[in-house]
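S.K.: Generate the whole structure from the sequences, applying the supplied hints.
Number of protein chains: 2
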Amino acid sequence: MRNLSPSMFIGVAGKGVLSFGSGQPDLPPPTEVYSCLANYKAFKYGLIAGETNLREALAKEYRGYTKDNFIITNGASEALDLVIRAVGKPNDNVLLHTPYYYSYRPLVEMNYRKPLFVRTYKGKIDIDDFEENVHKAKAVLINSPSNPTGRIQEIKTLKIIEKMTDDLNIPLISDEVYKDLIYERENYMLSGRHVITINSFSKTFSMCGLRIGYLFSNDKSLVQKIIDMKSHTSMNTSIITQEMAYRATKVPRSFVKSQVRIWKERRNIIYRGMTELGLDLWKPEGAFYVLPKIKKPRNFVWDMFKKHKVITYLGEWFGAPERVRFSYALDTDKIEEGLKRVKKYLEKR
Amino acid sequence: MRNLSPSMFIGVAGKGVLSFGSGQPDLPPPTEVYSCLANYKAFKYGLIAGETNLREALAKEYRGYTKDNFIITNGASEALDLVIRAVGKPNDNVLLHTPYYYSYRPLVEMNYRKPLFVRTYKGKIDIDDFEENVHKAKAVLINSPSNPTGRIQEIKTLKIIEKMTDDLNIPLISDEVYKDLIYERENYMLSGRHVITINSFSKTFSMCGLRIGYLFSNDKSLVQKIIDMKSHTSMNTSIITQEMAYRATKVPRSFVKSQVRIWKERRNIIYRGMTELGLDLWKPEGAFYVLPKIKKPRNFVWDMFKKHKVITYLGEWFGAPERVRFSYALDTDKIEEGLKRVKKYLEKR
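First to last, the sequence lines map onto chains D and G.
Numbered as in the working numbering, the first sequence ends at 473 without a single skipped number.
Numbered as in the working numbering, the second sequence ends at 473 without a single skipped number.
Treat the hints with care, since some could be wrong.
[What the hints assert, rightly or not] Result set (DSSO-like, lysine-lysine): computed pairs, CA atoms no more than 30 Å apart in a straight line: (1) G:139 x D:191; (2) G:165 x D:184; (3) G:430 x G:472; (4) G:374 x D:165; (5) D:433 x G:168; (6) G:349 x D:238; (7) G:431 x G:468; (8) D:165 x G:458; (9) D:280 x D:246; (10) G:381 x D:168; (11) G:419 x G:246; (12) G:260 x D:213; (13) G:468 x D:165; (14) D:165 x G:388; (15) G:468 x G:433; (16) D:344 x G:430; (17) G:381 x D:165; (18) D:431 x D:467; (19) G:430 x G:248; (20) G:168 x G:184; (21) G:213 x D:349; (22) G:168 x D:431; (23) D:344 x G:238; (24) D:388 x D:248; (25) G:458 x D:139; (26) D:168 x G:458; (27) G:238 x D:213; (28) G:374 x G:184; (29) D:168 x G:168; (30) G:349 x D:430.
What the hints contain is simulated information worked out from the structure, not anything from laboratory work.
M.R.: Here you go:
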């Protein structure tokens, strides 16, 4: 039990095992994504920033930006890594709000920066704590909707953060990979001179394994710096995957809306179910995670897996040591079945 | 002319412009590579280390290794970046031999390590200089066949380097992306406890733009460390590109042999042609580059491009400030035409 880690769950779902672990859609991508493959023949290096057609399509989606503001990356992960490497220098503080996506801390530390944590209350940023700490930071990383909390930040809060970071002239990195999966309102996109927005095709179009993300910013010198770095660290993102992503940009918006309806139904089932079990949790407003408080979470994650064949993730991987993360990227009947198994476990204990 | 850089040449070849610039095969990949695409439907995350079928196929190619020694990466570039990040710590010296591949120095410096340069004579490592410096290094990076010199290191030299680094217990990183493109002998693969070998499908199978490389090592704890890092920096390499690479592993060896014949013919033409022009250069033994000495190389690269429509790369990008790199990834008639234009330039000056 000592070595609980996400990797122990790889490849074990199915065969009666229900996975609330990995944060990826179970629903397939739109069929248009595969339509370019039958006659695909390209093989040469592409532009480091990404293919022109894809960047132009993205520029249309985000008003006020042109293709030259964009870089296509190997998933949002590479975008994040590149941005953290490009801003500031070793020992700089990077401000994160807890609980945080589990790669944030390792990425900050792998690049010799220091994470500086800001409190949240029910998943919402404590703006006083933010204000107290932001002066010590050389960059700020915001994630709304959040993995692992499923919570979105208030527009009021986001506007204050925009202003404070702009006044301080520090980069504001906004990880908006769940921007299309919000149940409560439209996404509020952070913007400003020093904002770098990170997004991905993984969640919106179910393309996780294809690894296609992007970043964009008004700060052209930063964009150029990142292109220069990427020309050494990985060069262009796979040209065939970029073409698939380009096809995704042509998919009618109704695809995304129908996905959100499915996610919302699942959200309602798991939220109601967990509330009925008496668990202390926040209602997800976006993404597809719940993060209930669980007594002895390590025992829970271990026993649920070993005795009840249910995969869940330890909150401590996300900076929430008293909690457990459930991804509800599962059919509703599987969610119901999972809830039954959790109930059984909680009753026994 | 001040801002000469490889990026100025992107997208300008064709329309009468001959490119001896970018280091990528002009020949297409084997058709088998595309055979998996018509019915491709996968979309979920893959294993961070890479797909099992691909790693097993590679393990068969390299005796003494199993799939668990391998990590599939976004080209050799990502493999290099990950290895440099994984070995040692900031301010460590990483030993490089000059001239070097143009990403080595930025990758070392981007990761806050320091390049420590060792001399070569006619592209061959000066083993005395190596011995004098290796004690100050925390890692060694060897590239044979070399980009940009086209030279291979003597087997005797490679064996001494294997022994010295093993005695010193330091990682020996061997970038062998041109191992299948040697004209003179079989590749000598560096091996040992602390050797990390980097390779790619880009050059052997003309898959540059698809970005598929790999690394392997006997040092399982280092392999695990790199998998952990990659789980944050980019996650799995694009699953569709991996499947294409898997198909490439099934291509008969005769494909590679026929490629080498083509490269060798081109090598002979450009080497003979430049010798006849009186240029001082080393005979390429592998890869597809020549690196002649050129007076006023900045003027040469600029004028050849602007006045003679020939793209070449400045040797100073590769640590060889008195030279100019020509990639001969071109049809023989284009090589002949390029040589004529060089002749014209040299006669005028």
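S.K.: Does each hint hold? Answer for all of them.
M.R.: Verification of the supplied hints:
{"no.": "1", "hint": "G:139 x D:191", "verdict": "holds, 25 Å"}
{"no.": "2", "hint": "G:165 x D:184", "verdict": "holds, 28 Å"}
{"no.": "3", "hint": "G:430 x G:472", "verdict": "holds, 15 Å"}
{"no.": "4", "hint": "G:374 x D:165", "verdict": "holds, 19 Å"}
{"no.": "5", "hint": "D:433 x G:168", "verdict": "holds, 21 Å"}
{"no.": "6", "hint": "G:349 x D:238", "verdict": "holds, 20 Å"}
{"no.": "7", "hint": "G:431 x G:468", "verdict": "holds, 11 Å"}
{"no.": "8", "hint": "D:165 x G:458", "verdict": "holds, 23 Å"}
{"no.": "9", "hint": "D:280 x D:246", "verdict": "holds, 16 Å"}
{"no.": "10", "hint": "G:381 x D:168", "verdict": "holds, 21 Å"}
{"no.": "11", "hint": "G:419 x G:246", "verdict": "holds, 18 Å"}
{"no.": "12", "hint": "G:260 x D:213", "verdict": "holds, 25 Å"}
{"no.": "13", "hint": "G:468 x D:165", "verdict": "violated, 37 Å"}
{"no.": "14", "hint": "D:165 x G:388", "verdict": "holds, 26 Å"}
{"no.": "15", "hint": "G:468 x G:433", "verdict": "holds, 12 Å"}
{"no.": "16", "hint": "D:344 x G:430", "verdict": "holds, 27 Å"}
{"no.": "17", "hint": "G:381 x D:165", "verdict": "holds, 22 Å"}
{"no.": "18", "hint": "D:431 x D:467", "verdict": "holds, 13 Å"}
{"no.": "19", "hint": "G:430 x G:248", "verdict": "violated, 34 Å"}
{"no.": "20", "hint": "G:168 x G:184", "verdict": "holds, 26 Å"}
{"no.": "21", "hint": "G:213 x D:349", "verdict": "holds, 23 Å"}
{"no.": "22", "hint": "G:168 x D:431", "verdict": "holds, 26 Å"}
{"no.": "23", "hint": "D:344 x G:238", "verdict": "holds, 29 Å"}
{"no.": "24", "hint": "D:388 x D:248", "verdict": "holds, 20 Å"}
{"no.": "25", "hint": "G:458 x D:139", "verdict": "violated, 59 Å"}
{"no.": "26", "hint": "D:168 x G:458", "verdict": "holds, 18 Å"}
{"no.": "27", "hint": "G:238 x D:213", "verdict": "holds, 16 Å"}
{"no.": "28", "hint": "G:374 x G:184", "verdict": "holds, 11 Å"}
{"no.": "29", "hint": "D:168 x G:168", "verdict": "holds, 26 Å"}
{"no.": "30", "hint": "G:349 x D:430", "verdict": "holds, 27 Å"}
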